[in-house]
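Undergrad: Residue numbers (my numbering), protein chains in the order written: chain X, 1 to 173; chain U, 1 to 173; chain S, 1 to 173.
Careful, some of the hints might be misleading.
Claimed, not checked - Okay, derived cross-link-like pairs now, DSS-like style, lysine-lysine, Cα gap no bigger than 30 Å in a straight line:
#, chain 1, residue 1, chain 2, residue 2
1, X, Lys129, X, Lys144
2, U, Lys109, X, Lys107
3, S, Lys69, U, Lys109
4, U, Lys144, X, Lys107
5, U, Lys129, U, Lys146
6, U, Lys129, U, Lys109
7, S, Lys69, X, Lys144
8, S, Lys109, X, Lys146
9, U, Lys69, S, Lys144
10, X, Lys144, S, Lys144
11, U, Lys69, S, Lys129
12, X, Lys69, X, Lys107
13, S, Lys107, X, Lys144
14, X, Lys69, U, Lys129
15, S, Lys20, X, Lys109
16, X, Lys144, X, Lys20
17, S, Lys129, U, Lys107
18, S, Lys69, U, Lys107
19, U, Lys107, S, Lys146
20, S, Lys109, X, Lys109
21, U, Lys109, S, Lys144
Calculated directly from the structure, the hints in this document are not laboratory data.
From a predicted model like this one, the values you see are computed outputs, not experimental measurements.
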Amino acid sequence: MQPEASNATTPARNSRATRKLPSAEERLEELGIQLPSPPTPFGSYAEAVRSGNLLFLSGMLPTEGHTAKFVGRAGAEFDVETGRQAARLAALNGLAVAREYLGSLDKIKRIVRLGVSLATTEDCREHPKIADGASDLLQDIFGKDKNPSRLINGVVSLPLGTPVALELILEVA
Amino acid sequence: MQPEASNATTPARNSRATRKLPSAEERLEELGIQLPSPPTPFGSYAEAVRSGNLLFLSGMLPTEGHTAKFVGRAGAEFDVETGRQAARLAALNGLAVAREYLGSLDKIKRIVRLGVSLATTEDCREHPKIADGASDLLQDIFGKDKNPSRLINGVVSLPLGTPVALELILEVA
Amino acid sequence: MQPEASNATTPARNSRATRKLPSAEERLEELGIQLPSPPTPFGSYAEAVRSGNLLFLSGMLPTEGHTAKFVGRAGAEFDVETGRQAARLAALNGLAVAREYLGSLDKIKRIVRLGVSLATTEDCREHPKIADGASDLLQDIFGKDKNPSRLINGVVSLPLGTPVALELILEVA
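Please work from the sequences and hints to get the whole structure.
TA: Structure representation (structure tokens):
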């Protein structure tokens, strides 16, 4: 409200303000990313449920509408790069759900948990690289110091035959 | 307490009251469902742990006592309908644990998270239909607007050889 | 502050004090356990994220540094006892991360959730025994009445080819 006045009394705050990081919505625009239409349930569940300051999202898949854009397993039908793209699309779907629920990504204080289920063969060793397709996107938008905790599982199958499903728990303002 | 009086001042509230939905316990009775005996741990863990307003349940299996009532995988030993029944039984066990811990299902404000692990072959595509065996039961009891967020994984094996294990996180009053 | 004085007015409290259980850090020393160096991320994520009173850890593996100390699956390359040792090492890594983040294990009020992902063959039935390798350690340190809720999944692959990955959600003071 009174930047010059607060300047005098809180120099640290001001110096932070001058280096102010872009908000998640601003960053999304900088990156030229348009979020897809948020997915809708294909069963008896909700895409997002809030409890206190935590927002729990349903498993996010690399879909458009109810159609899988990627089908197959890492180490078999898929290489790492394709897996990364699938993970990125699933994360974009998660952000679309969050924005629809919250009104703006700027309401997200932090992504607390990112769980990554990857359909793989038993000899897959590339999980972290594939999962980074989702993690790198989130880091680009929210910043490195807001990175989530991460779980990875190599599973045998996922809904619609997709190679990746994401678990997301967000802390909201 | 004073329905006529509050009628005059809060018509919306009263109109909601006249269409009042049955509570979870009332709904269970309407549906003629008797909850099974709650499962007990077969290892060094607790069936339910509360932190703040969240109640975390252990993985719920389609068991009676420590015996699996269903053994096998979807897409191999099991068809969709049998998988649905297994998912439903696991959900009933979860409700039994919740009632034992809380005293009444009416203390549940919402099921925040339903995770469904299904033992499947790699070509399974029926996950949502099978998972709905649990989700439909919860929707019947708690109502559609209280549906949980949902995660699904197709896994290679589960404890006791069961085809389904449920993760449940509840918000409690 | 004034033990004799409070002695007179709160005998129950005092009697509990005389039978006082060791703290988690004291118990660790009694057991002669030295925690390993906490693991560091090998991707775009954080090892621990706090939201309110919950501390979410990333998936804990049986590693030293970024190297897997166990590689293989239960029921194939591994017997139960080796799986238990792997689960125990992963739990020690989780405690190391928690201590680094919190300063002391005594800040942990309870482990709310222990998720155990085990790389298995499809006919594995030993999940609970293997998972107890982690659970028994936690029970030894925090006490039986603080046992966590537990989820188990038999997965097809895990990062670095390890046989076990742990999910940990802690309630902190």
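Undergrad: It remains to establish, for every hint, whether it holds in the given structure.
TA: Against the structure, the hints:
1. Straight-line distance between C-alpha atoms of Lys129 (chain X) and Lys144 (chain X) comes to about 17 Å, which keeps the hinted pair within the 30 Å bound.
2. The straight-line distance between the Cα atoms of Lys109 (chain U) and Lys107 (chain X) is roughly 24 Å, inside the 30 Å bound, and the hint therefore holds.
3. About 44 Å separates the Cα atoms of Lys69 (chain S) and Lys109 (chain U), which puts this hinted pair outside 30 Å; it is violated.
4. Straight-line distance between C-alpha atoms of Lys144 (chain U) and Lys107 (chain X) comes to about 26 Å, which keeps the hinted pair within the 30 Å bound.
5. Our distance criterion of 30 Å between C-alpha atoms is met by Lys129 (chain U) and Lys146 (chain U), whose separation comes to about 19 Å.
6. Of the supplied pair hints, the one linking Lys129 (chain U) and Lys109 (chain U) holds, its CA atoms being roughly 25 Å apart against a limit of 30 Å.
7. Taken as a hint, the Lys69 (chain S) and Lys144 (chain X) pair is honoured in the structure, with Cα atoms around 29 Å apart against an allowance of 30 Å.
8. Of the supplied pair hints, the one linking Lys109 (chain S) and Lys146 (chain X) holds, its CA atoms being roughly 25 Å apart against a limit of 30 Å.
9. Simply put, Lys69 (chain U) and Lys144 (chain S) have alpha-carbon atoms about 29 Å apart, close enough for the 30 Å limit, and the pair holds.
10. With a C-alpha separation of about 38 Å, the suggested pairing of Lys144 (chain X) with Lys144 (chain S) is violated against the 30 Å cut-off.
11. The straight-line distance between the Cα atoms of Lys69 (chain U) and Lys129 (chain S) is roughly 20 Å, inside the 30 Å bound, and the hint therefore holds.
12. Distance restraint check for Lys69 (chain X) and Lys107 (chain X): the Cα-Cα separation of roughly 29 Å lies within the 30 Å cut-off, and the hinted pair is therefore satisfied.
13. With a CA separation close to 26 Å, the supplied pair Lys107 (chain S) and Lys144 (chain X) stays within the 30 Å bound.
14. In summary, the hint linking Lys69 (chain X) to Lys129 (chain U) is supported, as the alpha carbons are separated by about 20 Å, within the 30 Å threshold.
15. For a cut-off of 30 Å, the pair hint linking Lys20 (chain S) to Lys109 (chain X) is broken: about 40 Å separates their Cα positions.
16. Between the alpha carbons of Lys144 (chain X) and Lys20 (chain X) the distance comes to roughly 15 Å, so the proposed pair stays at or under 30 Å and holds.
17. Distance restraint check for Lys129 (chain S) and Lys107 (chain U): the Cα-Cα separation of roughly 34 Å exceeds the 30 Å cut-off, and the hinted pair is therefore not satisfied.
18. Taking the CA atoms of Lys69 (chain S) and Lys107 (chain U), the gap is about 45 Å. The hint is violated against a cut of 30 Å.
19. For the given pair, Lys107 (chain U) sits about 23 Å from Lys146 (chain S) by alpha-carbon distance, which is consistent with the 30 Å threshold.
20. Annotation: proposed proximity of Lys109 (chain S) to Lys109 (chain X) holds, straight-line Cα distance about 24 Å (limit 30 Å).
21. Our distance criterion of 30 Å between C-alpha atoms is met by Lys109 (chain U) and Lys144 (chain S), whose separation comes to about 29 Å.
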